[in-house]
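Peer 1: Listed below, chain by chain, are the residues.
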Amino acid sequence: MKSGFTPATVLALTCGFAFLYLPILLLVAFSFNESRLVTVWGGFSLKWYGEMLRNRQLMDAAWVTVRIGLVSASLALVLGTLAGVTLARFTRFPGRTVFSGLVFAPLVMPEVITGLSLLLLFVSLGWARGFWTVAVAHTTFASAYVAVIVQSRLLTFDIILEEAAMDLGASPLKTFFVITLPVIAPALISGWLLAFTLSLDDLVIASFTTGPGATTLPMRIYSQVRLGVTPEINAVSTVLIGFVTLGVITATLIQKRRFAEGQKRKA
Amino acid sequence: MPAPDPPPAPASEARLPAEPWNDPKATPLIKIRNVIKRFDGFVAVDDVWLDIYKGEFFSLLGPSGCGKTTLLRLLAGFEQPTSGTIEIDGVDMAGVPPHRRPVNMMFQSYALFPHMTVEQNVGFGLKQEHVPRREISRRVGEMLELVQLADLGRRRPHQLSGGQKQRVALARALIKRPKLLLLDEPLGALDRRLREQTQFELVNIQETLGLTFIIVTHDQDEAMTVSTRIAIMDRGRTVQVGTPGEIYEYPNSLYVAGFVGDVNVFEGRVVEAGKDHVTVRSPESGCDIYTDRGIDAVPGQEAYAAIRPEKIEIGKAPPADARFNCVTGRVFDIAYLGSLSTYHVRLATGEVVKVSAANRSRLVERPITWEDQVWLWWPPSASVVLLS
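Chains as they are written, first to last, in my numbering: chain A, 8 to 274; chain B, 88 to 475.
Since the hints were derived computationally from the structure, they do not count as laboratory data. Here the structure is a predicted model, which means the values were calculated and not measured. All C-beta atoms in this analysis are idealised placements derived from N, C-alpha and C, irrespective of residue type, glycine included. Careful, some of the hints might be misleading.
[Said to hold, decoys possible] Capping the alpha-carbon separation at 35 Å, the derived lysine-lysine pairs in DSBU-like fashion look like this: (1) A:Lys181 <-> B:Lys441; (2) A:Lys181 <-> B:Lys214; (3) B:Lys112 <-> B:Lys141; (4) A:Lys181 <-> B:Lys362; (5) B:Lys141 <-> B:Lys214; (6) A:Lys263 <-> B:Lys214; (7) B:Lys266 <-> B:Lys118; (8) B:Lys118 <-> A:Lys181; (9) B:Lys362 <-> B:Lys441.
[As the list claims (entries may be wrong)] Example chain A residues on the side facing chain B (calculated, C-beta under 10 Å, incomplete): (10) Ala135; (11) Leu161; (12) Ile167; (13) Glu169; (14) Glu170; (15) Ala171; (16) Ile186; (17) Asp208.
Can you build the whole structure from these sequences, using the hints too?
Peer 2: So, in structure tokens, the structure goes:
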């Protein structure tokens, strides 16, 4: 296929990207604004980044968010991998359709509903809401994303590799750990990164399930914004965007490199 | 040559000890008894009985879908038979998982572990047995030497050519010195030259190590080249089991005759059958076909006479005795293959007979050419009479 840029495609591309990214770019630009007024440019400055670092509340919230992200992404990785392996490998067992539906439901469930139902659960269980309830809540929906990634990776995984390992004397469990897991490792890493990013982003579910002392960064930003947008918030948001972008790009690159290697192997 | 009876193999020469299947006292290494494998109502392996002896290079030959790969997977333990038993070295394999069987397999797609080096791939089997690290590296070195890959040990599978991958797969499957090595179309992905060379190497390695090989293939030349014995399979059943020579010279059915090599078939009826001869009258050929190999048949029974193209003589003059085993026709096509030419001769009845002859004189001299009237004849030992 020929891939040439015509004026029409360039225009379409520009409009598309502008629509998607102009607001974000504005936010990033204004985070370097000297002026206290958010919408008036007063010259370049890094002072809001300094302010941000000195803001105890923001920094605490950031630290809580990172910890919740680490815990929930790791738990989601384990649970999601188990679900993904089950769905990819056991193509027939009673209740498989129901199981697969239940695993993937959080992908389409409105966040408000997920958050509310989790809140009801935690209340009825009598759990004190805080760090762990948010982490568990994030684990539940992030597991679904990991499961999707692992399942789709395993569908292209050549089961003959596992047979070869067992033929050479490795038990099924050992085969899973020394053959299957290392081969699908890139999918696991990108699944983990995705889960981490989702946890970092989440406002709604965290708001429902959090408690005293476990305010996440999106929640902190949201509550501050209600009092008025400050350039400080722009700075925090820019840093957050930076982290998320980094995570997504890394996940993509890992998948891509793996794919390129696979292509080379076939050649 | 005395005429042998069909079921036992020709016993004209003294048997070599290397043919244990003719020794009633020999114990087979592998006993396959009454094995049936069904998948969702489809019968992949249908009542197979086989005895395979130590040191054999045994081929399962058949078109795709004939059940040969399923049989191999039953031996490896990846599938369990629906009924019947498989014994390896006296042990019933029912319920024994693949990783506890004294069997290794070389996969058609090689199945090298992509995240491991060549050395790690080859050493994988020993590592599972907790062999000491130094012992592993010594034996991996020896094995790579054997398959001529000594200097590629640190490469990864995606850095290897097809032929090199095939050798790594072989080394990995051989390193545990399995009682039985299963090879699933091992040379399928190689080009013709490399294939032929590798066939001989496989036989050498098998003889050097004194192992038992079972190979699955759909390539009859490959089976003929490497095997001690061949089982021809069709729709899940073994149609005939025998040495390459037996299969080629004494096929037991039209299916086998047609599957291995080229053959001319004349349909007809038995005129007379005895212990050491059969005469078939075939309107298609226009002559009586006399064979010095007896079969159990009654006069009037429908029968087929099968004759290999290279056993037929071709000439421009009739032979001295043209009462039987002699037909005449016109050459309508010649396939020149360098060392051989195959003549397609159309008889007066419309039947086409293929004859191949060595090109002893140069092509330009063309002793026989298109539209020549030729006579074809063959000795009584050239044909076999088949009833199905």
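Peer 1: Each hint: holds or not?
Peer 2: Outcome of the hint check:
Among the hinted pairs, Lys181 of chain A with Lys441 of chain B is inconsistent with the structure: their alpha-carbon atoms are about 58 Å apart, more than 35 Å. Between the alpha carbons of Lys181 of chain A and Lys214 of chain B the distance comes to roughly 12 Å, so the proposed pair stays at or under 35 Å and holds. Between Lys112 of chain B and Lys141 of chain B the CA atoms are separated by roughly 13 Å; this keeps the pair inside 35 Å, and the hint holds. The hinted pair formed by Lys181 of chain A and Lys362 of chain B fails the criterion: a straight-line CA distance of about 62 Å is larger than 35 Å.
Taking the CA atoms of Lys141 of chain B and Lys214 of chain B, the gap is near 26 Å; set against the 35 Å cutoff, the hint holds. Proximity of Lys263 of chain A to Lys214 of chain B is assessed by CA-CA distance (about 32 Å); at most 35 Å being required, the pair is judged to hold. Of the pairs offered as hints, the one joining Lys266 of chain B and Lys118 of chain B holds, with about 14 Å between alpha carbons and a cut-off of 35 Å not exceeded. The suggested pairing of Lys118 of chain B with Lys181 of chain A holds, with an alpha-carbon distance near 31 Å, which does not exceed 35 Å.
The suggested pairing of Lys362 of chain B with Lys441 of chain B holds, with an alpha-carbon distance near 29 Å, which does not exceed 35 Å. For Ala135 of chain A, the shortest C-beta to C-beta distance to chain B is roughly 44 Å, which exceeds 10 Å, and the interface hint is violated. A distance limit of 10 Å between C-beta atoms decides the matter here; for Leu161 of chain A the minimum to chain B is near 15 Å, and the interface restraint is violated. With a least beta-carbon distance of about 4 Å to chain B, the hint placing Ile167 of chain A at the interface is held under the 10 Å criterion.
A least Cβ separation of about 9 Å between Glu169 of chain A and chain B falls short of the 10 Å threshold, and the interface hint therefore holds. For Glu170 of chain A, the suggested interface contact is upheld, since its CB lies about 6 Å from the closest CB of chain B, less than 10 Å. For Ala171 of chain A, the interface hint holds, the least distance from its beta-carbon to any beta-carbon of chain B being 4 Å, beneath 10 Å. Because the beta carbon of Ile186 of chain A sits about 6 Å from the nearest beta carbon in chain B, less than 10 Å, this interface hint is met.
Against a cut-off of 10 Å between C-beta atoms, the interface hint on Asp208 of chain A is violated, since the closest Cβ of chain B lies about 32 Å away.
Checked against the numbered hints above, the structure breaks hints 1, 4, 10, 11 and 17 and satisfies the rest.
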